[in-house]
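Visitor: The lines below spell out each chain.
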Amino acid sequence: MTTPLLDVRGLSAQYGPTQVLHGIDFGIAAGGITTILGANGAGKTTLLRAVCKMIRSAGEVRLEGQRIDGCTTEAIVRQGVAHVPDGRGTFMNLSVEENLRLGAHTRRDRAEVAGDFERMYAHFPRLKERRRQQAGTLSGGEQQMLAVSRALMLRPRLLLLDEPSFGLAPRIVQHLFEILREIHVRERIGMLLVEQNASLALQLADHAYLLETGRVVMSGPAETIRSDEKVRRSYLGY
Amino acid sequence: MNLLLHQILAGLATGGIYASVALALVMIYQATHLVNFAQGELAMFSTYIAWALIQAGVPYWGAFALTVVFAFVLGVVIERVIIRPVEDAPILAIVIVFIALLVIFNSLAGWIFSYTIKPFPSPFPEQPLFGNSYVSSHELGSTAITLIVLFLLFGFFRFTPLGLAMRAAAQNPVSSRLVGIRVGWMLALGWGLASAIGAIAGMMVAPTVFLEPNMMGGILLYAFAGALLGGIDSPGGAVVGGFVVGVLENVVGAYVGTELKLTVALVVIIGVLVVRPAGMFGQVHVSRV
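Here the protein sequences come in this chain order: A and B.
The numbering of the first sequence is the working numbering, which starts it at 1 and goes up by one.
The numbering of the second sequence is the working numbering, which starts it at 1 and goes up by one.
I should point out that these hints are in silico values taken from the structure, not numbers from a laboratory.
Using N, Cα and C, we set each Cβ at its ideal position, and we do this for glycine too.
It cannot be assumed that every hint is accurate.
As the list claims (entries may be wrong) - To list a few chain B residues with every Cβ distance to chain A over 10 angstroms, as calculated:
no., residue
1, Trp-51
2, Ile-82
3, Ala-93
4, Val-183
5, Gly-218
Stated by the list, open to error - For each label pair, taking beta carbons as the anchor points, the in silico distance ranges come out as:
no., chain 1, residue 1, chain 2, residue 2, range
6, B, Pro-161, A, Gly-16, 46 to 54 angstroms
7, A, Gln-79, B, His-33, 27 to 35 angstroms
8, A, Gln-79, B, Pro-85, 23 to 31 angstroms
9, A, Arg-107, B, Glu-259, 38 to 46 angstroms
10, A, Gln-79, B, Pro-161, 17 to 25 angstroms
11, A, Glu-182, B, Gly-155, 38 to 46 angstroms
Stated by the list, open to error - Only some residues are given here: those of chain B computed to face chain A with a beta carbon under 8 angstroms:
no., residue
12, Leu-164
13, Ala-165
14, Ala-168
15, Ser-175
16, Arg-177
17, Gly-180
18, Arg-182
19, Val-252
Next comes chain A alone, as it looks inside the complex (with noise of 0.2 angstroms):
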């Protein structure tokens, strides 16, 4: 058996005396995406979070079997794990370009980073007409855009997407979704996916969890989830 990519136990985490994640454990197969749903509140952002250690938490996360819950987020990052934040972390006052060059910020290999702004282009050639533009003057959508193509600018082992599909028209939801699954076959990069848009979750996912109030009531392959009556009336809505 392989190491998996991503392997989470006891996951817990609180804001002040508020406990958010009781005790978590989930996994992400090698070269898998694991999709995290939830109403809000369950704690999905928060998960993310305690991941790549942006909050304090307790457990134990290994990362290809390395421990990674003593590191810092800086340290995580550099270790190939890429995040596309809540709220897209945009840098307003920086140059669209820029964005994306801090996006690789920890690569050495010029030539590499060099084509990898074409290919981010490529896929989103709203980015490339706005490049010297101040990232701050970007839509919602070419905001959401440049926070997933910066977060590929790193090349992760590990990419994690914070509702991306969140404020962007369906059209867009489609077209970037297309673009991740693309990336993840062409590339092996592993993805935790943590989505309101359960269907559209389901269908780029191998493997789910269903977060209620910081606790895992249910996971399995997305083929069984999705099948679930509960799952489908509560989230998928038919």
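Following the hints, complete the assembly by docking chain B onto the known chain A.
Guide: Frame of chain A; chain B shown alone:
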């Protein structure tokens, strides 16, 4: 007419000093959203180091370079050791730390070097350059040094990966960590650079105002006026603001009276805060409620 021209040129020379210190203030402001009141005293203390080195027989430019390095290290150490632990403290606590630093360095300089006023050498010849009668060669030389420093800094922040990372870390620390930037070190580096700029400004102004522990007091006020005028969150604006305040101060001093020189700074500060709080080039912050 000649008098006016002379006053403007002399104003540009002092304006360059204000512009440098204003830039140092803005650099710290962008990262911490606070004005470092100790900026001037750090510059003054570094200038004393330069003076001590020159007294010990080090040639001027050698002492200059060593002082810049000293000031840089001093800035980095202060950020790491003193500022970092209070980073998340309430604003008032940090302001108190800044004021404490001001007092500490002021008394330290007085204690080590005494409060007697000392002459400080200028690296530039006494005769005016190019046979002109408008500006002394020190004024011309120090303006040139200031401009070189400002251009180097501009290039550094605009065109180097490290400069970009520093700007990013100051603007958005959370996202910066998420792309692998070591935010803590970037802020320390910012302090180092600000302190080094201040040291250069101190060495350039000391021959005119003479070296003593309180020499940067007024200059910090003018620099603050310049930074506010240009926009406290705009490095380019702070530089322009510094030059404008320098010229204004000199012209008012010559035509209205020297007594009103310092008043100019205060009028500018209050005027800007009342009329346009964001300054000439600053961003107006609008928040949705």
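Visitor: Give a verdict on every hint.
Guide: Hint check:
1. Trp-51: At about 40 angstroms from chain A, Trp-51 of chain B clears the 10 angstroms cut-off, so the statement holds.
2. Ile-82: The claim stands: Ile-82 of chain B keeps its Cβ more than 10 angstroms from every Cβ of chain A (closest is about 22 angstroms).
3. Ala-93: Non-interface label stands for Ala-93 of chain B: nearest chain A Cβ at 21 angstroms, farther than 10 angstroms.
4. Val-183: violated, 7 angstroms
5. Gly-218: Gly-218 of chain B clear of chain A: closest Cβ-Cβ about 32 angstroms, beyond 10 angstroms.
6. B:Pro-161 - A:Gly-16: 46 to 54 angstroms: violated, 38 angstroms
7. A:Gln-79 - B:His-33: 27 to 35 angstroms: At roughly 32 angstroms between Cβ atoms, His-33 of chain B and Gln-79 of chain A fall inside 27 to 35 angstroms, so the hint holds.
8. A:Gln-79 - B:Pro-85: 23 to 31 angstroms: holds, 28 angstroms
9. A:Arg-107 - B:Glu-259: 38 to 46 angstroms: violated, 59 angstroms
10. A:Gln-79 - B:Pro-161: 17 to 25 angstroms: The hint (17 to 25 angstroms, Cβ to Cβ) holds, given that Gln-79 of chain A and Pro-161 of chain B are roughly 20 angstroms apart.
11. A:Glu-182 - B:Gly-155: 38 to 46 angstroms: 39 angstroms Cβ-Cβ, so the 38 to 46 angstroms window holds.
12. Leu-164: holds, 6 angstroms
13. Ala-165: holds, 6 angstroms
14. Ala-168: holds, 5 angstroms
15. Ser-175: holds, 4 angstroms
16. Arg-177: Given a least distance of 4 angstroms, the restraint on Arg-177 of chain B holds.
17. Gly-180: holds, 4 angstroms
18. Arg-182: holds, 5 angstroms
19. Val-252: Check failed: Cβ of Val-252 of chain B comes no nearer than 35 angstroms to chain A, outside 8 angstroms.
Of the numbered hints listed earlier, those contradicted by the structure are 4, 6, 9, 19.
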